[in-house]
Structure formats: structure tokens, C-alpha cells
Amino acid sequence: MTPLHLSHFTATSCLGRGWPAMLESLRAQRGGLAPCQFETVQLDTWIGEAPCVDAERLPAALQQFDCRNNRLAQIGLEADGFSEAVAASASRWGRRRIGVFLGTSTAGILQTELAYRRRDPATGALPPDFHYAGTHNSFSVADFVRRKLQIEGPAVVVCSACSSSAKVFGSASRMIEAGLIDAAVVGGVDSLCLTTLYGFHSLQLTSSGPCRPFDIARDGISISEAAAFALLERMPDSTDADAVVLLGTGESSDAYHMSSPQPQGLGARAAMLAALQAAALQPQQIDYINLHGTGTQSNDSAESQAVCGIFGADTPCSSTKGATGHALGAAGALEAVICALALQDALLPAGVNTQRIDPALTVRYLLHNASAPLRYVLSNSFGFGGTNCALVLGRPG
Amino acid sequence: MTLVAYVQGIGLSGPALNGWEESRDILAGKVSFVPQPTVVPIPAGLPPAERRRMGAVVKLALSVGLQACAQARVEPANLPAVFTSSGGDGPNCHEICQALATSDRQLSPTRFHNSVHNAAAGYWSIATGAKTPSNALCAHDASFTAGLLEAMTQVVIEHTTVLLVAYDAQYPQPLFDKRPIPDAFGAAFVLSPHATSGAIARLHLTIRTAPSDQVADAGLERLRRTIPAARSLPLLCQLARRASALVRLDYLDDQTLAVDVQPCV
Numbered sequence: 001m002t003p004l005h006l007s008h009f010t011a012t013s014c015l016g017r018g019w020p021a022m023l024e025s026l027r028a029q030r031g032g033l034a035p036c037q038f039e040t041v042q043l044d045t046w047i048g049e050a051p052c053v054d055a056e057r058l059p060a061a062l063q064q065f066d067c068r069n070n071r072l073a074q075i076g077l078e079a080d081g082f083s084e085a086v087a088a089s090a091s092r093w094g095r096r097r098i099g100v101f102l103g104t105s106t107a108g109i110l111q112t113e114l115a116y117r118r119r120d121p122a123t124g125a126l127p128p129d130f131h132y133a134g135t136h137n138s139f140s141v142a143d144f145v146r147r148k149l150q151i152e153g154p155a156v157v158v159c160s161a162c163s164s165s166a167k168v169f170g171s172a173s174r175m176i177e178a179g180l181i182d183a184a185v186v187g188g189v190d191s192l193c194l195t196t197l198y199g200f201h202s203l204q205l206t207s208s209g210p211c212r213p214f215d216i217a218r219d220g221i222s223i224s225e226a227a228a229f230a231l232l233e234r235m236p237d238s239t240d241a242d243a244v245v246l247l248g249t250g251e252s253s254d255a256y257h258m259s260s261p262q263p264q265g266l267g268a269r270a271a272m273l274a275a276l277q278a279a280a281l282q283p284q285q286i287d288y289i290n291l292h293g294t295g296t297q298s299n300d301s302a303e304s305q306a307v308c309g310i311f312g313a314d315t316p317c318s319s320t321k322g323a324t325g326h327a328l329g330a331a332g333a334l335e336a337v338i339c340a341l342a343l344q345d346a347l348l349p350a351g352v353n354t355q356r357i358d359p360a361l362t363v364r365y366l367l368h369n370a371s372a373p374l375r376y377v378l379s380n381s382f383g384f385g386g387t388n389c390a391l392v393l394g395r396p397g
Numbered sequence: 001m002t003l004v005a006y007v008q009g010i011g012l013s014g015p016a017l018n019g020w021e022e023s024r025d026i027l028a029g030k031v032s033f034v035p036q037p038t039v040v041p042i043p044a045g046l047p048p049a050e051r052r053r054m055g056a057v058v059k060l061a062l063s064v065g066l067q068a069c070a071q072a073r074v075e076p077a078n079l080p081a082v083f084t085s086s087g088g089d090g091p092n093c094h095e096i097c098q099a100l101a102t103s104d105r106q107l108s109p110t111r112f113h114n115s116v117h118n119a120a121a122g123y124w125s126i127a128t129g130a131k132t133p134s135n136a137l138c139a140h141d142a143s144f145t146a147g148l149l150e151a152m153t154q155v156v157i158e159h160t161t162v163l164l165v166a167y168d169a170q171y172p173q174p175l176f177d178k179r180p181i182p183d184a185f186g187a188a189f190v191l192s193p194h195a196t197s198g199a200i201a202r203l204h205l206t207i208r209t210a211p212s213d214q215v216a217d218a219g220l221e222r223l224r225r226t227i228p229a230a231r232s233l234p235l236l237c238q239l240a241r242r243a244s245a246l247v248r249l250d251y252l253d254d255q256t257l258a259v260d261v262q263p264c265v
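Chains as they are written, first to last, in our numbering: chain A, 1 to 397; chain B, 1 to 265.
Okay, chain A solo, but in the shape it has when bound (with noise of 0.2 Å):
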């Protein structure tokens, strides 16, 4: 593919509001999460929360989107001038140039689950206040987030569970290659609500502490919420010495299962080297590896037999997940900016909380966080129907 520039870039989660406050706790391998205790959820596990969620106020204009979705989207698009950054861009190129591609898995389902507790006793009815296109419909982010940023070329969600965020990148990237744009806001905005937190339970993949992406004495995965986006746009003719470029995207399908990884990660596997290929480059190349890494028994196995069958077991590799939790629909965008900062701070991130790394699965599992210059990283993102989506990252030539 023709390489774009991720000219801007935000983050927030648990580990806090804009990049500089995520670099932070990488740096000092510190984890955003906590024991859940959120709403009335009663779970024996742990989650990540983004800071002061509920206290966002949207703006009178918008208030049919209110709800946590759209509050943790509007967080993440005030966070490190991101907004600002749409606007220029919508100046230079044009509103109608410029298209929105957001993942997310549940998208506002939260306000329908606390209408539901709110129905009206005579008629079942829901509440007048619950706005059905605004909060619970898949689309409402983007909708919100081309409205709250006044721009009006494509939009699109993406909603295919834990890939969702990573595959619009390729969406993005093939409709400023066919020339139908010029600049895409990308992203991933994904909330905490019951249904994935109780979802998951009966599928006994949540952790019961804070997650372990491939240690051996993982159980599961800790769910979070993150709002993460980036405004990939064209190359321009010069890129200064710290600029992030989009090189590959590759997807497969599993035709395997619906909540179960092939468990040889074939399907992985397939999307990994979609991904060099498009990017045109050899594995070796690869300097280091974001893992999907949920810290469930079956995708780090899988996983990891997949990674070690393209790269052997010398590229070095990580899951931020053990910091960041599984931010679901955001996590593909949440670690594209992983990628984005570790190529910026030639930093190689540890996986936190893993204590000793499953002697099953044969990666070289980061547990220390290192330093050296990356030229090329790749990042996994892997979703429940069998959806798997590898990007490639890296500085300009």
C-alpha cells in the first residue's frame, strides 16, 4: 500500500488523558487497572477505568449522544490538541475531504442496559429520554465524532468485536488511495458497560486479578475502555525526524469458531503476513511485536505459535494489555498509538503483571521495558466470529 502519515495521534484510558500520561506509565511499567467497581456490577475481577468519565458534559447541540461512549470519545478528541489538529487539516484539504473510520464493539449499549432497569411499569415502555441513534446504534460514535469535529466526508464504524479499531485503518486507507479522501480520523472508542463485563464472565474469560498476558499462570482478560484516534493523512513531501508512518494492514478470517481462536493461530498467522506483505517487508525487519495478548489461555497460545511461525523466536514482543486492559473495539487503535510512541521513544514496552512467562509459549516476551531504535513494528489485533488484523508502523524511509 501507499505508505500515510499518522500526522496526529491521542490516547486515553486507564493509564490516564493524552499520550504523554500512557508514555508515563510504560516508561514506569506501571498499570492502569483496578478492582471493578463499576456501576452495580458484582464481578470477582479487575478492569481499567479512563479518569472522571461520568463528570464529561457534552454540549447542549449534542445531547442526544450523551452517553459514556460518547463522553470517553469526546475526552479523547480534547486530549493533545487532537481537534485542533482535524481542524487545520479540514482547512487544508477540505471538510467533505476528510472521513471518519471508528471501531467499537458496544458503542453506547450501556444507556439502553440503564433504560432497560427504567421501563415504564404500565407499558414496558423505555423512557422518553433514551436515544436510540444517538447512544445505542453502533454508528453513534462517528456520527458524534464527525459532528463534534464539523467534518462531513465518509463515515463508517467498524464493528467486528476486538479487531474493530485496527481494521479501519485499512477501511481508511483504501478511500485516500481511491482519491475519495484526503485525510482520515481514525480511531477506536469502546466504554465499559455490562454486557461485555457480564458477556465475558459467562465465558469465564475475565481475570480474576489484574490480567497476565502470556504468563503461565494466566486466566483471563481485564476489561477496559480507552478512546483512541489518529488523523492519518496523505504523505507530505518532507516528514520531520519523529514522524510515524502507516505502512500495511492485512485481515483474515478464522472459519473456525465464534469466541475461540483457531487454535493453531492460522488465521493470525494469515493476517500477519497480509500485513508485511502489503508493507513490503520481510519479517526480520520487524522490531517489535504488540501483541493481541489478552491473557486468555487460548489467544496467547494461539498467538504465539502463529508469531513464532513467521519471526521465530528472536523479535521481541509485548501485550500492553497487562497496563492498559483490553479495551475491546479501542484496543486496535489504543495500540496502533502504542506502536506510534514506542517508534517516537525507541521504547520496547514490557508486558506488566506477568510474572513468569508460559514456557508453552516461546516468543521473546518482553517482561523489562528496553530501549533501542525501532524502525519497523507490527500490531496485532484479534476479535471474537474469527476477525484478525496485523498493521504495520513505522518512520519514513
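Hint data in this document are derived by calculation from the structure and do not stem from the laboratory. C-beta: ideal position from N, C-alpha, C; glycine also. Be aware that one or more of the hints could be misleading.
Stated by the list, open to error - Here are the computed lysine to any residue pairs in the SDA-like style, where the Cα-Cα straight-line distance is at most 20 Å:
id, chain 1, residue 1, chain 2, residue 2
1, B, Lys178, A, Pro127
2, B, Lys131, A, Leu273
3, B, Lys178, A, Gln64
4, B, Lys178, A, Ala133
5, B, Lys178, A, Pro121
6, B, Lys131, A, Gly309
7, B, Lys131, A, Pro263
8, B, Lys178, A, Pro128
9, A, Lys148, B, Asp253
10, B, Lys178, A, Asp129
11, B, Lys131, A, Gln264
12, B, Lys131, B, Val74
13, B, Lys178, A, Arg117
14, A, Lys148, A, Ala133
15, B, Lys178, A, Leu62
16, B, Lys178, A, His131
17, B, Lys131, A, Ser260
18, B, Lys178, A, Ala125
19, B, Lys178, A, Thr123
20, B, Lys178, A, Gly124
As the list claims (entries may be wrong) - Below, a sample of chain A positions facing chain B; criterion: calculated Cβ distance under 10 Å:
id, residue
21, Val41
22, Thr112
23, Val157
24, Ser173
25, Thr195
26, Gln204
27, Met258
28, Asn388
Assemble chain B onto chain A, guided by the hints.
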């Protein structure tokens, strides 16, 4: 870059619309449209266990996808697929919200994994063995046009034949009152970068600021206005008429996707 693709096959299921071939005279205006509740077809060739687990809207999506592939004479496993839907599996969502509003909050694992918007894409991949990329999109009322744009972009940029499946179905109460989609509707298109024998029409797509087309028949127009996936009807009607025309489909805000339809043969 010009967004051009050839329609190789079509699948259709909706109120009184039971298959593409069976519906062509209605869509072309030769036979009057008499609304009847959608009969959701049972997708062919699925293992019974999978069929039991999937919701009606997923069966609808798989059925129209398989119809389109059969007409195009392409192997479903070889195609990248774009699934697009405004609401996905409404009854499943209702059951989850209802369970979470009770004190015990127990969800069944199957119900939870069926709640993902990409359930249709996942079951499609399992049923057909497709290891190709698939997408699961949503753009509320613009879900069909957003899917068409994504699929045509893939055709042109990746030089590949792509399956597009648009589907929607009604929510049960109380969500129905908030999102009154009256019935199920699914439409699928096999879109290819080159005309092969049996190609139905050439599509050339542009984004414009212009009013969208309505459908002449009042009953079909009602479907177009109330079911997001039925926003494909102006295109389906034109394809059924086998005549050239510019079809304008509702997209976002005041924008439309203008599709120049040129029949093949």
C-alpha cells in the same frame, strides 16, 4: 481513481421478495407489489448445530449472500466479504438487556457471542470456510451505502471480487418503538473488477450532493424509508429493469451515492 465494479450476482429477501429472480418482475414494475411478511430463508449447507445457534437476521444475511454467490457462480470461500447492518440481531440484544436488568444478570455464552455486530460475518466464515478478510459495518440509516462504498473501494483498490451483504430486521418491543424497522430485508451483491460472462450490470459510483431517488411503487418506497438495508431498492429496481440510468442512493447528510448503472448484455 474511478470506482467501477460489475454486478455478477444478487441475493434478495424481504417482504414479498423471495429471491432475486423471483422478485425481478415486482422490482421492474411488471407485477404489483403486495406486501407480505418476510419469510426468512434457511441458509443452505449449514451444519445443524450452527443453524440452531444463529439468530434469524444472521440466517437472512447468510441466505442472501449464498444466493448472490450461486448466481455469480463463485465459491463463497474465495471472496472477501463486507457485511453491513444498522442494528444486527435485535432480539438477541433485547434478551441481553432484559437479563441485565434483572437481579441475577446471568447471560448465556452463546447469547453473548451472538451479540457482536460481526456475528453474521463470523458465521459466514465458519459456514463457508472463508478465511478471506470480512468486514462488519454500521452507519445507521446509511449502512447500505456505507457498505457499498467500502465494497466498491475494495474491488478497485485490491483488484478482487467482493461480496456485499446488507441486512436488517425488526427489534422486539420496547426497542421497536425507538427504532421502528417493520420487517426483515437482506440484499447481497457479488461485485467484481471485470465483467465476466453472466455479468448483470456495470456500476460506476460517485459521491454527490443531490436528492436521492425514491421508488415508484408506494409499498416498496415504504420499505426504502423504514428499513436501512432496503435503501438498496432504487438500485435493485434499476437492475431489474435492465436499463441504464443514474441511481441516487441516500448516504450521509445531504449526500448521495450516485450509481451509474449500465446493463451488461
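Here is how each hint holds up against the structure:
In summary, the hint linking lysine 178 of chain B to proline 127 of chain A is supported, as the alpha carbons are separated by about 10 Å, within the 20 Å threshold. About 13 Å separates the Cα atoms of lysine 131 of chain B and leucine 273 of chain A, which keeps this hinted pair within 20 Å; it holds. The suggested pairing of lysine 178 of chain B with glutamine 64 of chain A holds, with an alpha-carbon distance near 13 Å, which does not exceed 20 Å. Restraint check for lysine 178 of chain B and alanine 133 of chain A: satisfied, since their Cα atoms lie roughly 9 Å apart, inside the 20 Å limit.
Restraint check for lysine 178 of chain B and proline 121 of chain A: the C-alpha separation of about 17 Å stays at or below 20 Å, so the hint holds. The suggested pairing of lysine 131 of chain B with glycine 309 of chain A holds, with an alpha-carbon distance near 18 Å, which does not exceed 20 Å. The suggested pairing of lysine 131 of chain B with proline 263 of chain A holds, with an alpha-carbon distance near 15 Å, which does not exceed 20 Å. With a CA separation close to 9 Å, the supplied pair lysine 178 of chain B and proline 128 of chain A stays within the 20 Å bound.
A threshold of 20 Å between alpha carbons decides the hint, and for lysine 148 of chain A with aspartate 253 of chain B the separation of about 15 Å falls inside it, so the pair holds. For the suggested pair lysine 178 of chain B and aspartate 129 of chain A, the alpha carbons sit about 11 Å apart, so the restraint of at most 20 Å is met. With a CA separation close to 14 Å, the supplied pair lysine 131 of chain B and glutamine 264 of chain A stays within the 20 Å bound. At roughly 15 Å between alpha-carbon atoms, lysine 131 of chain B and valine 74 of chain B fall within 20 Å of each other, so this suggested pair holds.
Taking the CA atoms of lysine 178 of chain B and arginine 117 of chain A, the gap is about 16 Å. The hint holds against a cut of 20 Å. For the proposed pair lysine 148 of chain A and alanine 133 of chain A, the alpha carbon gap of about 16 Å is at most 20 Å, so the pair holds. In summary, the hint linking lysine 178 of chain B to leucine 62 of chain A is supported, as the alpha carbons are separated by about 18 Å, within the 20 Å threshold. With a C-alpha separation of about 8 Å, the suggested pair lysine 178 of chain B and histidine 131 of chain A falls inside the 20 Å cut-off, and the hint holds.
Our distance criterion of 20 Å between C-alpha atoms is met by lysine 131 of chain B and serine 260 of chain A, whose separation comes to about 15 Å. A hinted pair counts as satisfied when its Cα atoms are at most 20 Å apart, and lysine 178 of chain B with alanine 125 of chain A qualifies at roughly 9 Å. Between lysine 178 of chain B and threonine 123 of chain A the alpha-carbon distance is near 14 Å, which keeps this suggested pair within the 20 Å criterion. Under the criterion of a C-alpha separation no larger than 20 Å, the hint pairing lysine 178 of chain B with glycine 124 of chain A is consistent with the structure, at around 12 Å.
Residue-level restraint check for valine 41 of chain A holds (minimum Cβ-Cβ distance to chain B is 9 Å; threshold 10 Å). At its closest, the beta carbon of threonine 112 of chain A sits 5 Å from a beta carbon of chain B; the interface hint therefore holds under the 10 Å criterion. Proximity of valine 157 of chain A to chain B holds as hinted, the smallest CB-CB distance being about 5 Å (cut-off 10 Å). Annotation: serine 173 of chain A was flagged as interfacial toward chain B, and the flag holds, the nearest CB pair being 9 Å apart, inside 10 Å.
Interface hint status for threonine 195 of chain A: upheld, as the beta-carbon distance to the closest one in chain B is roughly 6 Å, under 10 Å. Taken as an interface hint, glutamine 204 of chain A checks out: its beta carbon lies about 8 Å from the nearest beta carbon of chain B, inside 10 Å. Contact between methionine 258 of chain A and chain B, as hinted, is supported at the beta carbon level, the nearest pair being about 4 Å apart and thus within 10 Å. Checking asparagine 388 of chain A against chain B by beta carbon gives a least distance of about 9 Å; that is within 10 Å, so the hint holds.
In summary, this structure violates none of the numbered hints.
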